[in-house]
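Number of protein chains: 4
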Amino acid sequence: MIVISVGIVGGTGYTGVELLRLLLRHPNVEVKALTSRTEAGRRVDDMFPSLRGHTDLQFSDLSIDLLKSCDVVFFATPHGVAMKHAEELVAANTKVIDLAADFRLQNLDQFEKWYGMQHACPDVLKDSVYGLSELNRDKIKQANVIGNPGCYPTTVQLGLAPVLKSAEALVKPESIIIDAKSGVSGAGRKASLGMIYSENADNFKAYGVAGHRHHPEIVEALENISGQKGVFDHILFVPHLVPMIRGMLSTIYVDLTEAGQAADLQALYEQFYVNEQFVDVMPAGSSPETRSVRGANELRIALYKPQPTKLVILVAQDNLVKGAAGQAVQNMNLMFGFAENAGLQNIALLP
Amino acid sequence: MIVISVGIVGGTGYTGVELLRLLLRHPNVEVKALTSRTEAGRRVDDMFPSLRGHTDLQFSDLSIDLLKSCDVVFFATPHGVAMKHAEELVAANTKVIDLAADFRLQNLDQFEKWYGMQHACPDVLKDSVYGLSELNRDKIKQANVIGNPGCYPTTVQLGLAPVLKSAEALVKPESIIIDAKSGVSGAGRKASLGMIYSENADNFKAYGVAGHRHHPEIVEALENISGQKGVFDHILFVPHLVPMIRGMLSTIYVDLTEAGQAADLQALYEQFYVNEQFVDVMPAGSSPETRSVRGANELRIALYKPQPTKLVILVAQDNLVKGAAGQAVQNMNLMFGFAENAGLQNIALLP
Amino acid sequence: MIVISVGIVGGTGYTGVELLRLLLRHPNVEVKALTSRTEAGRRVDDMFPSLRGHTDLQFSDLSIDLLKSCDVVFFATPHGVAMKHAEELVAANTKVIDLAADFRLQNLDQFEKWYGMQHACPDVLKDSVYGLSELNRDKIKQANVIGNPGCYPTTVQLGLAPVLKSAEALVKPESIIIDAKSGVSGAGRKASLGMIYSENADNFKAYGVAGHRHHPEIVEALENISGQKGVFDHILFVPHLVPMIRGMLSTIYVDLTEAGQAADLQALYEQFYVNEQFVDVMPAGSSPETRSVRGANELRIALYKPQPTKLVILVAQDNLVKGAAGQAVQNMNLMFGFAENAGLQNIALLP
Amino acid sequence: MIVISVGIVGGTGYTGVELLRLLLRHPNVEVKALTSRTEAGRRVDDMFPSLRGHTDLQFSDLSIDLLKSCDVVFFATPHGVAMKHAEELVAANTKVIDLAADFRLQNLDQFEKWYGMQHACPDVLKDSVYGLSELNRDKIKQANVIGNPGCYPTTVQLGLAPVLKSAEALVKPESIIIDAKSGVSGAGRKASLGMIYSENADNFKAYGVAGHRHHPEIVEALENISGQKGVFDHILFVPHLVPMIRGMLSTIYVDLTEAGQAADLQALYEQFYVNEQFVDVMPAGSSPETRSVRGANELRIALYKPQPTKLVILVAQDNLVKGAAGQAVQNMNLMFGFAENAGLQNIALLP
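Residue numbers (the working numbering), protein chains in the order written: chain A, 1 to 351; chain B, 1 to 351; chain C, 1 to 351; chain D, 1 to 351.
Be aware that one or more of the hints could be misleading.
Identical copies carry no separate label here, and so any pair may be met within one copy or between two of them.
Simulated pairs of lysine-lysine, BS3-like, Cα-Cα distance not exceeding 25 Å [as the list claims (entries may be wrong)]:
id : residue 1 : residue 2
1  : K84       : K190
2  : K68       : K139
3  : K32       : K84
4  : K139      : K113
5  : K113      : K310
6  : K305      : K113
7  : K172      : K310
8  : K113      : K68
9  : K32       : K68
Think of the hints as simulated: they come from the structure by calculation, not from any bench.
Produce the complete structure using the sequences and hints provided.
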């Protein structure tokens, strides 16, 4: 059995520990390096006791030589870190999977506007592949650098791809409204007043209504999926914060064209994803619950037409798995020719 | 000081105990009767220890004579109970406030369709008043029977009234989408598998997507507010369940007309509610959190125009207070000429 | 009606906003000053939207002259602040109620050991009164400076006072074990990794097992209550963190003497607290739930003798009310001769 | 690879679905039968959408012939079901693992007293083995019928075994106090008013203080472990309900003998469990969090001596895994000679 060596940069956040949860049980992986600016020398299972008995890894300083000796490096870091090292790693034949935003947007102006920094390696960006596994599988297999999608954009793309990729125009693209809801872990593991328990429990609110970084990512991605430019600029995307740890549900509203009203959309979606093991089109009348994917690399979709001209698409995933670390591992599996579900076969934890 | 005698039918549910929380501290009220089919003879503070030290009331059987001796009777019962007794109570000069749906819909066909029963007293219904306090204040003052609004419809009406009541057409009524989220107490206090803790905690889902009883109530109410018939039939209303006890947030999306795009909607809303102590139009850029109204008879609104032609209205309330028991007490205050905020001045519990 | 002017130092924490919730509705109080090192000039309802519509107060810098013009000043600050200002305030005839630990421990060595600082005003400390309202009522009425008890010690003292103050020795003091559980708000409102939602939700743990600051406070307080020195030094106190916002339950285990085994302890407790409106001795067989006191200045006790020689005492309170701000207001009421329950009559929020 | 066929009786509860989560990924298992009195004919993934894509199993009626054709049958049923079928199954060479209480107590009087029924097969009971895997491994390997331990008793036994099995008397057995805390899933998946979300969220309480079914199980188990009869009759066991889905923490207090005070208990525990992969003795100063074992078949222990004569033992597990389904699978692995960790290698889900 092939075993590759893997590095993780930034292992102290939630995507970092989630990568470890998956990779330490992955049959084709040995985690060789785990870096942290602040925790070098500390055992990772001292910080995350859930890993006790599963690894002896310690955090180390970010050594580019150590990373170069890995077959692939995951960046579970803040935005702006991966792009500083990607070029050198690729030159050393080490593949890069960035879980932050450095390789999500091809539009450099949008990147600069929303992330407040200039891109460090536009050429690498141009050659990088957007890692929405189901939609870009062939390119991912050839890629050296992957921009792993944002959690919200994953739900939107997989929720809309079947209608946007249809030969006939089934929906009116400018009508799209995404009312999205996320568990608190989506905001990461950092000391912030807004994140503390007593500010979030037994509470619900919208945030980022005036503008959110995932909006330009969604627009660019939908343009790529549909092949249409300019028609998604005015879609609405309103995220909300749910008092739960993990889980994400996007409720997507879209106006149907006459062709869309006439189409059997349930059949269309089932057919579109018939060979996808991680995308589940539920039977008509279902409502996907976030707990049904808790801890699993799965995304569930249900469709409703409560009015003749309107389609409601419900999309649920675990924001840390299919919305982050799980999809990153899925992309790694594609890049190295492993079974696509290697290390990703866990069943969701319910209840 | 005037003190009226009050009866509560069905005091074992969450709206019942919430009425008691408010009425036992109301300066103009003596709770005289509290009925329950199943708990007659039991002290109410044995069932609800939060009331220990605040009352010696016991549940009694539903005695119509006892109720007739009250000045007003609240029905915190399942749908279909209040309409059986309203006529007799009104004849005895006892006012009725129903927290269920018996007097919410004037359209008898819709009532029969959604609640699965024929209306028992259509004539009383015709004379009853829909108890959305801020919008129907004058009629409520004269009413003998009040249909207290549903929790979701309260947020929708107060969230849309300023634009729907405007002389100019500011929004396109057929474009309205209501993505609503409620805490679990909205489903009541009953032994049901779907309601148990381990099925709801750390979870999020939509429900009733194909159709919900509050849809026809919203349609009828918006028609009355706007004076326009037929244009709201195809609005979308999609409720979701949030893992929190109390709280409700409606995110309302609506297309603006050219006049609406040009208008200063923030100013319009502030002006519309300038004299309303229970409706708070928050400053531009705010996001109303449900915890900011936890336990208080308040509703907070914020407005966004993230795209030039779209308005997003965020409306938060406590589903058990402004969405149920609090608004019922507010209506009682109006009916009896008490200060509108009597018994309703508590500040929300935060954190 | 007498109205006093009140100052609050440190209004940005949870005890600060809880004091505001209670004092803004207190009939005898005008809140005149609200200080914050970091938020001067900001409206308090901008930070805490639950207060919108209830106050126009702004935070101001800590001005000792402004505080001197108040009748009483509450310190809702970190440990060590109140003791810097108490002497000057008392000299200006302004009473002081400290919700931190500066005036809880008469033993200066213990204070220095557990709080890591020398006491700034030992003389003021000597004249200060420990503000456990029910047990020190007469002294509180005469006090100029109050050390408001810690949340855990309040449950322990009121849970044990009836047996410790009994003429006969009913319990073996050295056997006391306090297994205490608190909601997360007890840790305050501060940006700390350990406090964030995803680290605390759906989780339970002990903390401070090797030693907690409330241990010396409990020991000193039990010595004062019982009049016995030295016998409580080796009691066990183990706090735990519960994934809830508010609420505290202490489960207290104690060995009974032969006299204690023979006594009717239920009757003893009921008699001891017969005139106390904020202490509720529940009927035999009850289990006090924290939600039964959520938001209320109440403490509920239940007793069990599951084995002949052992007493189990369950004590529930809201850590922010009877365990902090509520008891502080109760003490203020005593100090100024107001009705002891003025501003404290709210019923708990259930559900 | 050997693959056995497995039956599950009562697959609609939380231990049932948890068995499925583990067994559907177990390399040596094929789940052949899944029975439910009420759901026969329904697909299991229709009831538990987390299983969609992982199984095509349907519930079937309880057919004793079908069960006899299995190598082993798990009973995830209410108390009293397994004992009706065990004899017939054993006769057919089918092994039985009961997750209810039918085979936990050898003392028939205690069984009758606490479970309100006579035992149906005392002879089978006599030959059955109590399935605390780490303590009874050799007997389990030979067993035909396993009584899988209660969740609370598992924590108590593994928490106390090292001191109770020591050659020297290290603790005073009569002093044991177990203050235990469980997540709500421990109460099962049933429609019950006491279990609903709004009655349990943001709340904490003790229950069963006067007596709990796990008390006699703990007493009998500790007698067997220590070889001492009668000394555990008066131990205290007080369970509490935590607002979380999964997780259990027992805080165990025990008086040390002089030998116990002198012993290096940390070393003793580490040595006792040195070869146990599912029992983790954490370093001194640690506090085991329930989330560190969420979904994993692990139990973590930490020791404290906050006073010279007292030992505090903290024991954390997931009540549905090591406290139920996981330990059942561990026992199955032992009975059939599989790797003890087969199907049980998942890492806990954190956050």
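**Study point:** Hints the structure fails to honour
**Key:** 4, 8
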